[in-house]
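Going down the list, the protein sequences come from chains A and B. For the first sequence, our numbering assigns the number 1 to the initial residue and increments by one for each residue that follows. For the second sequence, our numbering assigns the number 1 to the initial residue and increments by one for each residue that follows.
Please note that a few of the clues may not be correct.
Since copy identity is lost for identical chains, a pair holds within one copy or between any two.
Here are the simulated lysine to aspartate or glutamate pairs, DMTMM-like style, with alpha carbons at most 20 angstroms apart [to be verified]:
no.	residue 1	residue 2
1	Lys305	Glu184
2	Lys283	Asp412
3	Lys435	Glu514
4	Lys305	Glu186
5	Lys30	Glu430
6	Lys305	Glu370
7	Lys435	Glu494
8	Lys348	Asp147
9	Lys145	Glu526
10	Lys305	Glu164
Just so you know, these hints were derived from the structure itself, not from any lab. Just so it is clear, the structure is predicted and the values come from calculations on it, not from any experiment.
Protein chains: 2
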Amino acid sequence: MKYLEKWWGWGELDKVYPKDLTSHIHNILKERFHLSSHHSAIPQEEKIELPTSRLSTTDFEDLKNISSSATEDHKTRLCHSLGKSYIDLIEARKLKRFYAPDAVVFPTSVEEIVHVLQFCKTRKISLVPFGGGSSVLGGVSPEKKEDHQAVITLNLQKMKQIFEINPLSNTVHTQTGILGPALEKELNQKGFTLGHFPQSFEFSSVGGWIATRSAGQNSTFYGKIEDMVVALKILTPQGLIQTKTVPASSCGPSFKDFFIGSEGCFGIIVEATLKIHPLPQHKTYQSFLFPDFLQGIRALSHIKKLNLSPSLVRLSDAKETEFLFKMESLKKDFFHLFQKKFFSFLLKKKKINLGRASLLLIGLEGSHKEIRYLKKQLKMLAKNTLSLGSRPGWKWHKSRFELPYLRDALIDQGVMIETFETATEWHNIENLYRKVYDTTHTILGPKALVFCHISHIYLTGASLYFTFLTQAKNDPILQWHQVKERVTKTLLQEGGTLSHHHGIGRDHKKFLIEEHGPLFVETLKEVKHFLDPQHILNPGKLIE
Amino acid sequence: MKYLEKWWGWGELDKVYPKDLTSHIHNILKERFHLSSHHSAIPQEEKIELPTSRLSTTDFEDLKNISSSATEDHKTRLCHSLGKSYIDLIEARKLKRFYAPDAVVFPTSVEEIVHVLQFCKTRKISLVPFGGGSSVLGGVSPEKKEDHQAVITLNLQKMKQIFEINPLSNTVHTQTGILGPALEKELNQKGFTLGHFPQSFEFSSVGGWIATRSAGQNSTFYGKIEDMVVALKILTPQGLIQTKTVPASSCGPSFKDFFIGSEGCFGIIVEATLKIHPLPQHKTYQSFLFPDFLQGIRALSHIKKLNLSPSLVRLSDAKETEFLFKMESLKKDFFHLFQKKFFSFLLKKKKINLGRASLLLIGLEGSHKEIRYLKKQLKMLAKNTLSLGSRPGWKWHKSRFELPYLRDALIDQGVMIETFETATEWHNIENLYRKVYDTTHTILGPKALVFCHISHIYLTGASLYFTFLTQAKNDPILQWHQVKERVTKTLLQEGGTLSHHHGIGRDHKKFLIEEHGPLFVETLKEVKHFLDPQHILNPGKLIE
Numbered sequence: 001m002k003y004l005e006k007w008w009g010w011g012e013l014d015k016v017y018p019k020d021l022t023s024h025i026h027n028i029l030k031e032r033f034h035l036s037s038h039h040s041a042i043p044q045e046e047k048i049e050l051p052t053s054r055l056s057t058t059d060f061e062d063l064k065n066i067s068s069s070a071t072e073d074h075k076t077r078l079c080h081s082l083g084k085s086y087i088d089l090i091e092a093r094k095l096k097r098f099y100a101p102d103a104v105v106f107p108t109s110v111e112e113i114v115h116v117l118q119f120c121k122t123r124k125i126s127l128v129p130f131g132g133g134s135s136v137l138g139g140v141s142p143e144k145k146e147d148h149q150a151v152i153t154l155n156l157q158k159m160k161q162i163f164e165i166n167p168l169s170n171t172v173h174t175q176t177g178i179l180g181p182a183l184e185k186e187l188n189q190k191g192f193t194l195g196h197f198p199q200s201f202e203f204s205s206v207g208g209w210i211a212t213r214s215a216g217q218n219s220t221f222y223g224k225i226e227d228m229v230v231a232l233k234i235l236t237p238q239g240l241i242q243t244k245t246v247p248a249s250s251c252g253p254s255f256k257d258f259f260i261g262s263e264g265c266f267g268i269i270v271e272a273t274l275k276i277h278p279l280p281q282h283k284t285y286q287s288f289l290f291p292d293f294l295q296g297i298r299a300l301s302h303i304k305k306l307n308l309s310p311s312l313v314r315l316s317d318a319k320e321t322e323f324l325f326k327m328e329s330l331k332k333d334f335f336h337l338f339q340k341k342f343f344s345f346l347l348k349k350k351k352i353n354l355g356r357a358s359l360l361l362i363g364l365e366g367s368h369k370e371i372r373y374l375k376k377q378l379k380m381l382a383k384n385t386l387s388l389g390s391r392p393g394w395k396w397h398k399s400r401f402e403l404p405y406l407r408d409a410l411i412d413q414g415v416m417i418e419t420f421e422t423a424t425e426w427h428n429i430e431n432l433y434r435k436v437y438d439t440t441h442t443i444l445g446p447k448a449l450v451f452c453h454i455s456h457i458y459l460t461g462a463s464l465y466f467t468f469l470t471q472a473k474n475d476p477i478l479q480w481h482q483v484k485e486r487v488t489k490t491l492l493q494e495g496g497t498l499s500h501h502h503g504i505g506r507d508h509k510k511f512l513i514e515e516h517g518p519l520f521v522e523t524l525k526e527v528k529h530f531l532d533p534q535h536i537l538n539p540g541k542l543i544e
Numbered sequence: 001m002k003y004l005e006k007w008w009g010w011g012e013l014d015k016v017y018p019k020d021l022t023s024h025i026h027n028i029l030k031e032r033f034h035l036s037s038h039h040s041a042i043p044q045e046e047k048i049e050l051p052t053s054r055l056s057t058t059d060f061e062d063l064k065n066i067s068s069s070a071t072e073d074h075k076t077r078l079c080h081s082l083g084k085s086y087i088d089l090i091e092a093r094k095l096k097r098f099y100a101p102d103a104v105v106f107p108t109s110v111e112e113i114v115h116v117l118q119f120c121k122t123r124k125i126s127l128v129p130f131g132g133g134s135s136v137l138g139g140v141s142p143e144k145k146e147d148h149q150a151v152i153t154l155n156l157q158k159m160k161q162i163f164e165i166n167p168l169s170n171t172v173h174t175q176t177g178i179l180g181p182a183l184e185k186e187l188n189q190k191g192f193t194l195g196h197f198p199q200s201f202e203f204s205s206v207g208g209w210i211a212t213r214s215a216g217q218n219s220t221f222y223g224k225i226e227d228m229v230v231a232l233k234i235l236t237p238q239g240l241i242q243t244k245t246v247p248a249s250s251c252g253p254s255f256k257d258f259f260i261g262s263e264g265c266f267g268i269i270v271e272a273t274l275k276i277h278p279l280p281q282h283k284t285y286q287s288f289l290f291p292d293f294l295q296g297i298r299a300l301s302h303i304k305k306l307n308l309s310p311s312l313v314r315l316s317d318a319k320e321t322e323f324l325f326k327m328e329s330l331k332k333d334f335f336h337l338f339q340k341k342f343f344s345f346l347l348k349k350k351k352i353n354l355g356r357a358s359l360l361l362i363g364l365e366g367s368h369k370e371i372r373y374l375k376k377q378l379k380m381l382a383k384n385t386l387s388l389g390s391r392p393g394w395k396w397h398k399s400r401f402e403l404p405y406l407r408d409a410l411i412d413q414g415v416m417i418e419t420f421e422t423a424t425e426w427h428n429i430e431n432l433y434r435k436v437y438d439t440t441h442t443i444l445g446p447k448a449l450v451f452c453h454i455s456h457i458y459l460t461g462a463s464l465y466f467t468f469l470t471q472a473k474n475d476p477i478l479q480w481h482q483v484k485e486r487v488t489k490t491l492l493q494e495g496g497t498l499s500h501h502h503g504i505g506r507d508h509k510k511f512l513i514e515e516h517g518p519l520f521v522e523t524l525k526e527v528k529h530f531l532d533p534q535h536i537l538n539p540g541k542l543i544e
């Protein structure tokens, strides 16, 4: 678990965003923002004082007897003290007012978890399930219920056994502590893929994906995680739940859908059976430059009507497209092309203005025949666009898990960078886009950069993914709360969902009632109280 | 609501299964069973005495003030006294020991329902939501909670307004009392289809489909009803719930999935927004004769692996295939072909033995290009089979809603006819099929006819639909319970789901704990108690 050691930032301990790119972006941004030095400051963990563990010596000894892995070690507590939200990264850099779990446990079996649950129930200790720890919404924040004496983090990464890959039924049955790459590697070796690639893929777990009802970059083709879950095994404080492993059923409300998105509040998801797909014979990309975002949206809204299933859809608005072109402009590889007169000539011919243009990346997977068929159909939808071939797609593919490293670099330079992601119906896409875009600029001023792309499409609508960059203020956490509050309210008022990718965690909790109404939240609280009467599981997340 | 008047049987008042076919089947079956006259007996409703309404005069007057449609009329109560299960049809023919709702209400607005709910809450009166009334599991049986004074049936068929068909977002927003044909007609006129065609299509409602988590004949392509629901509006005794109209979300457990399959026990589903699809440009069928059922199963298990989406899949086992051929053997239309020497020659050449052969019908929908592509792929999967062209498929299409009329005719002849439907993973299909088949024959003896077909396919598995015919005994209800009990236990023990199409209702209720485990049933009861504290909604169904 080497990566966990980089508690102050994203990813592998020794890896940073490519220096040349960081420096190039620095140059682009310095016209707008006051930037500080862009070398990552590595906080020294010895300098950070953590609050003393609130577990009594007896409690800790008893815990040790249940799970020999239990530790109060300074570094381990520190590494489990936060996730990867903007607030987490800011707090990590402050080195002060730090909180941490009082102990961390690394169970290796279901029986061990049962005992830990029993221990926490009887001693009134809060328990935070921890998968990869990549939550961007404070989902693994080690919060303690007020009347509890301590909080323990339950790191599930040793629960990583794959029990079976079934090539007849196209399923994998696995423990849920396994991280994306380890699972995908095993599947690939047997000729299969799960097809779930959130940006956090390298550092997030199956259990985390399920607990947050997550989306991946290829969900337009493979579905979100809720479309992949065939069955779950969950340890609740009231006992074991095992949902039935069948392809479909009409036996009452869907029980697995009680737990997909339950954010560790109802029980610990310990095993999952997931749908897997034969590895596609071929993968490729296409890219098109639309005259503007709306024409791109219109084309996308027809893809599912035509029953087409690209593996990736990513349509950038004008600002994001412009920024992507700028990011490439100093490099001499593929975007070289665009600097040539020929490119200008083509743009003119197609009446495409680079300041308004909208870049669409499309991923294609399948047999040669399938891909040929898809390409033909897409060609018709992308009339009046400039085709840019497969290279922009492959380029995106290569760096598709890298952006969180850039976030660290930008934060270190004094930039506030955050995302909003939502989904709405096709008829409301333009309105929602415009309102969120305008609100963000109204709050942040004209110097801020606000980007948006459509990241997933459905027959009935699509998801919008906003990224914004602005100058961080002296109190970046207050600044964050102000922006989050106002943009989220706009997004909800205008018919967007509170989250399409990331979940609820700590940071979306207060908006949940606006998403679902009071009776839903009350119903969830009833379920919570029934399954976890001592309220030990993940306090401060989702509903309470 | 003319069709409701045929309270003793299926469908339209004046319609029976075609006489020539009935007579032909009579001839086939008389070798095995003692058959009585095969003219449908039409019970005279005047001769049936219903229990006096348990509503006091004051209560009924107050109810009338809330909803002027409220009635204690003999015929109306009679028509709402049962659904369309085998038990219902047997009880209807007995004319005795009859029960009925004490009153029936036909609300026309949400406000009216709110008042009816309030009335039932304060007066301790049970309330049974009633859509089309076609439940084959006693889902609309007018049961009264023990400590309640009466039971009212809430017929929702006047709540049939379509609010909007949105051609951009591909959704329909409708009240839920609307029946299949009325909704589909409106959609077709706008160039769309819902694609939900349960066998009960003509006489079942949107609300009923949702409340029972139902499947339709084309669910392999269009999905089950849970895949179509975008949003729901539900009136619970504790208040209104409106789920968000978005294509996808990661905001906690799926609330709509609390209500899809809730069988009217948590609230009245009054409005739904459903995904709709552009009408396919073309529809056609293909059919193949496999050497045996297992080779057919093997071919089917590859269809979804290849990412193909036929609109219909129906693979009959040897006995069902043989019966279908027999049913056609005396007629001179399309199966004529099979009697010719040429057909025998082809069978020999393909080494197909008609006693073991397995008939596959495949439905294809889409553009010419899509259909051509599908056909090519299917051809490869159906090597070593005898292709029978499109006619068997079109023939099935023509009579796809007719079989329940045949059921009535057979019951009148003294035949017990019932179905079991389930689903399991591909690796377990053969085992489950064999065990259910053997158990049914062990119980019913060698003279019984037991048929099976695969009705839906998924990437991970398929549904099995069993039909059996046997000689009805003197106590057909006891006989039914004995068969139901033993076959259901086998089905559950061998990894099948309790129901893939039909739901739970009254008749599957006691098996629910085996499907989901005790903690699920207890959780549902908690939710029920929270949303319906007086337990007025649909007593005796689903969980209690």
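Here is how each hint holds up against the structure:
1. In this homomeric assembly, Lys305 and Glu184 come within 20 angstroms of each other (Cα to Cα) only across copies, at 18 angstroms, whereas the closest approach inside a single copy is 31 angstroms.
2. In this assembly of identical chains, Lys283 and Asp412 lie within 20 angstroms of each other by CA distance neither inside one copy nor across copies; the values are 37 angstroms within and 60 angstroms between.
3. Taking the shortest alpha-carbon separations for Lys435 and Glu514, only the intra-copy value of 18 angstroms comes in at or below 20 angstroms, while the best inter-copy value is 50 angstroms.
4. Proximity of Lys305 and Glu186 under a CA criterion of 20 angstroms is satisfied inter-copy only: 19 angstroms between copies versus 35 angstroms inside one chain copy.
5. In this assembly of identical chains, Lys30 and Glu430 lie within 20 angstroms of each other by CA distance neither inside one copy nor across copies; the values are 31 angstroms within and 67 angstroms between.
6. For a Cα distance limit of 20 angstroms, the shortest separation of Lys305 from Glu370 qualifies both inside one copy, at 17 angstroms, and across copies, at 13 angstroms.
7. Taking the shortest alpha-carbon separations for Lys435 and Glu494, only the intra-copy value of 8 angstroms comes in at or below 20 angstroms, while the best inter-copy value is 54 angstroms.
8. Neither within a single protomer nor between protomers do Lys348 and Asp147 lie at most 20 angstroms apart by alpha-carbon distance, with minima of 68 angstroms and 80 angstroms respectively.
9. Proximity of Lys145 to Glu526 under the C-alpha cut-off of 20 angstroms is restricted to the intra-copy arrangement: shortest distance 17 angstroms within a copy versus 23 angstroms between copies.
10. Taking the shortest alpha-carbon separations for Lys305 and Glu164, only the inter-copy value of 18 angstroms comes in at or below 20 angstroms, while the best intra-copy value is 36 angstroms.
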